[in-house]
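Protein chains: 2
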Amino acid sequence: MTAAIIGAGVIGAGWGARFALMGWDVSVFDPSPGARERFEAVYASASESLPALFEHALPEPGEITWCDSIEAAVQHARWIQESVPEQLAMKQEVYKSIQAHCRDDAIVSSSTSGFKPSELQQGASRPEQIMVAHPFNPVYLLPLAELVGNEETIKQAAPIIEEIGMYPLHVRQEIDAHIADRFLEAVWREALWLVNDGVATTEEIDNAIRYGFGIRWAQMGLFETYRLAGGDAGMAHFIKQFGPALKWPWTKLMDVPDLTPELVQQIADQSDAQSGHYSIRELERIRDDNLVSMLRALKPRQYGAGALLNKTDQRLINEAAVYHDEQLVTVHRVIPIDWMDYNAHMNESRYGQVFSDAADTVLRLAGADETYVASGGSFFTVDCHIQYRNETLPGETVRCLTRIAPLDGKKLKLSHEMRRASDETLLASADQLLVHVDMSTRKSSIPPPHIASALSQLQAGAS
Amino acid sequence: MTAAIIGAGVIGAGWGARFALMGWDVSVFDPSPGARERFEAVYASASESLPALFEHALPEPGEITWCDSIEAAVQHARWIQESVPEQLAMKQEVYKSIQAHCRDDAIVSSSTSGFKPSELQQGASRPEQIMVAHPFNPVYLLPLAELVGNEETIKQAAPIIEEIGMYPLHVRQEIDAHIADRFLEAVWREALWLVNDGVATTEEIDNAIRYGFGIRWAQMGLFETYRLAGGDAGMAHFIKQFGPALKWPWTKLMDVPDLTPELVQQIADQSDAQSGHYSIRELERIRDDNLVSMLRALKPRQYGAGALLNKTDQRLINEAAVYHDEQLVTVHRVIPIDWMDYNAHMNESRYGQVFSDAADTVLRLAGADETYVASGGSFFTVDCHIQYRNETLPGETVRCLTRIAPLDGKKLKLSHEMRRASDETLLASADQLLVHVDMSTRKSSIPPPHIASALSQLQAGAS
Chain A
139 MTAAIIGAGV IGAGWGARFA LMGWDVSVFD PSPGARERFE AVYASASESL
189 PALFEHALPE PGEITWCDSI EAAVQHARWI QESVPEQLAM KQEVYKSIQA
239 HCRDDAIVSS STSGFKPSEL QQGASRPEQI MVAHPFNPVY LLPLAELVGN
289 EETIKQAAPI IEEIGMYPLH VRQEIDAHIA DRFLEAVWRE ALWLVNDGVA
339 TTEEIDNAIR YGFGIRWAQM GLFETYRLAG GDAGMAHFIK QFGPALKWPW
389 TKLMDVPDLT PELVQQIADQ SDAQSGHYSI RELERIRDDN LVSMLRALKP
439 RQYGAGALLN KTDQRLINEA AVYHDEQLVT VHRVIPIDWM DYNAHMNESR
489 YGQVFSDAAD TVLRLAGADE TYVASGGSFF TVDCHIQYRN ETLPGETVRC
539 LTRIAPLDGK KLKLSHEMRR ASDETLLASA DQLLVHVDMS TRKSSIPPPH
589 IASALSQLQA GAS
Chain B
139 MTAAIIGAGV IGAGWGARFA LMGWDVSVFD PSPGARERFE AVYASASESL
189 PALFEHALPE PGEITWCDSI EAAVQHARWI QESVPEQLAM KQEVYKSIQA
239 HCRDDAIVSS STSGFKPSEL QQGASRPEQI MVAHPFNPVY LLPLAELVGN
289 EETIKQAAPI IEEIGMYPLH VRQEIDAHIA DRFLEAVWRE ALWLVNDGVA
339 TTEEIDNAIR YGFGIRWAQM GLFETYRLAG GDAGMAHFIK QFGPALKWPW
389 TKLMDVPDLT PELVQQIADQ SDAQSGHYSI RELERIRDDN LVSMLRALKP
439 RQYGAGALLN KTDQRLINEA AVYHDEQLVT VHRVIPIDWM DYNAHMNESR
489 YGQVFSDAAD TVLRLAGADE TYVASGGSFF TVDCHIQYRN ETLPGETVRC
539 LTRIAPLDGK KLKLSHEMRR ASDETLLASA DQLLVHVDMS TRKSSIPPPH
589 IASALSQLQA GAS
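Protein chains in written order, with the working numbering: chain A, 139 to 601; chain B, 139 to 601.
Calculated from the structure, these hints are not laboratory results. You may find that some hints are simply not true.
Which copy is meant is left open, because identical chains are indistinguishable; a pair holds if it fits in one copy or across any two.
Under the rule of at most 20 angstroms between Cα atoms (straight-line distance), these lysine to aspartate or glutamate pairs were calculated in the DMTMM-like manner [as the list claims (entries may be wrong)]:
#, residue 1, residue 2
1, K581, D546
2, K378, E400
3, K551, E257
4, K449, D479
5, K293, E178
6, K378, D407
7, K378, D396
8, K548, E529
9, K551, D521
10, K581, D243
11, K234, D546
12, K234, E257
13, K234, D206
14, K549, D396
15, K449, D507
16, K293, D242
17, K551, D498
18, K378, D410
19, K254, E266
20, K254, D335
21, K254, D314
22, K551, E301
23, K581, D479
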């Protein structure tokens, strides 16, 4: 599958990087000077972050081809993402060139944050082919894409958006600025007043957001948070209580402050005082590491963006046993930033994590998976001996190869080797002893015969 | 130190739980029926979550005393937190009773989200004693407290807010709704329009927030995020670009929609469809587990709320060696929710985390801390043998006791026992072999004599 990227600024390049890292071939057209270097910088950042969101290795990245015309970029593309500047006439011209050369069944999608599909479609040869897929920066990490356009086009687009790990939010009616930017707009307006009136600096405003409702909204949003505030009395009760506040005096400050040179300078100065000790590149790296860490934190909770990531992980799992050099592959993954310690390498406990996950793979393949646990049996580790051979760094891809000793009564012995995928360097080895447990008594017990025989077959698969 | 809680609804109880869990005695006055049971439910939730934010055990919780008068509650209190309903006359009456009985140097602080200190202070005997400390639900987890009032009072209040692990945001001018609620108000107004106009459901709006800008704001807020969007061209350039959007059509939707019974019912129905399969108690538990996990994820990044938590952790570290039953205590902590696996107990790799942290404590006490690492030396673990004896559950407090073998050249051997603090049950033991490393070559090397002698002294301290 090929995606065409028309306009490769920070948004277009973010789309391109996400498509490529999820295995799509990508053809890029952007004639502006320095576009290729900027694209490559975004791709480098995305390569550091996106694969680390998952507990399984992503497919091989697709090929990226730099094209010198729209025609060359779009001719074989299934998905065409337009991210040129927010000028309606320019976008309409671009669609003319695209539609002159693209497949009839291609999706032509705009990253616009402001325009409605009906505006974009004016004068197009096949208007229904053009829709909006509005993403959020960094596109390679944040999963939201607001989809607006013809019902039939969106029906085809949504599964592709899911395939590249995003959440397709189908906006029911076209409306200026779609949904999320309306909120950003409202908050931005209020923030300008607060700075303008000297109530708070840019840093104080950021702290008011990130130490309070920001972290609440990162997982539940607005309405579910208020449902909680309403408590057992219910949402309708809450709205009745909170409703009058909408008429309180502060709702009168709804004009837009004049962006005088003084106000612009004041904000720029405050922002320098707040963040000027970091370069933009450093701030981007900080942001991406923060986002990866928080998104990963939501995965075990199976909530919000964490639940979305888990869906992609499910797709990345090999259902059948995979062998490498005649050994069972039980882990194949990238080492994420949150596994690093102050020595700037993977913390020793995370080697244990890899071997724990390796044991889980063996058990899953043998039928002792989460469903089996729910039915009343499991294996608990009782002994693990790890030998650390080499440092492992964040961003490295590793593979764990496992030998299964025959099951002896209640006991299962596993021997693991963790190797760097790029050069097979041995990073650590471990001997692990597991015992089968009856989950109702949480005492050791003999596993059922089908588990024992599945384990033997797994072992026999390796030679 | 004693904190008095006047009004123990969800906000007052949240304050009370936070003060008590951070070691303050708490006296509570709330004559409304069922107040005590509601307080205890909030305290139970807080006990499950707040201690798990830290890598070190909190001090012993303070004593909670239920009082039958304002007089009894406030007489010895250093901090008095008023959280009665948002009715100005009622609050002013409460301050009269408080000030008739409290210490002159007590801080009398209101949780009000709407009123200004000048309004609260009207008719008070010592007006300057009354200020606003506006928190965010759940008060026991979210660190933001907006402080508004007289300069001198806030100067005394801020260190106390920091002591209980919160961030004192000094609001420079009193203003209706302080800072953060003005943003919530603006977003709420916009969200009501979107539901009213059928553009999006409550769930779609929540998804538009939590899959996009919500997770961005949780760590950087608004202005730092936009600084990034502006890129190297700078913040002033960004504002000039983004400024015109403020005049675009969607800024006209700034009225407040009428809260007709139909709109209220529509929102309540959509919220039921979105979240009605969970009880409020279940949603609270989900929220708290999510918040704990995300807040903890920001700690290694040393950013946003994670940096605040690390400051509290620093205060919780014992600078000198601590012994228990004549053994060196190297870890004393609560097991957090993010260490749990699908067997509903602590994952085996997190035992390794505890033993890794135990080794770090030994090294820190011996002078081989992060500063030493920065200067070019460190110890790497080369071998670890863990024996798992008993399950460990989230919320349990554990202690790790460590024996240090004499340093043999480059090698250091540590033997750890991890025990449940409540009953000394042995949960796991480990033998760990570390090697001293020259960080410039990342090869083994002989440690300097002062490290070796500090290790001997540590070992001699235990008998």
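Checking each numbered hint in turn, tell me which of them this model violates, lowest number first.
3, 5, 10, 11, 14, 22
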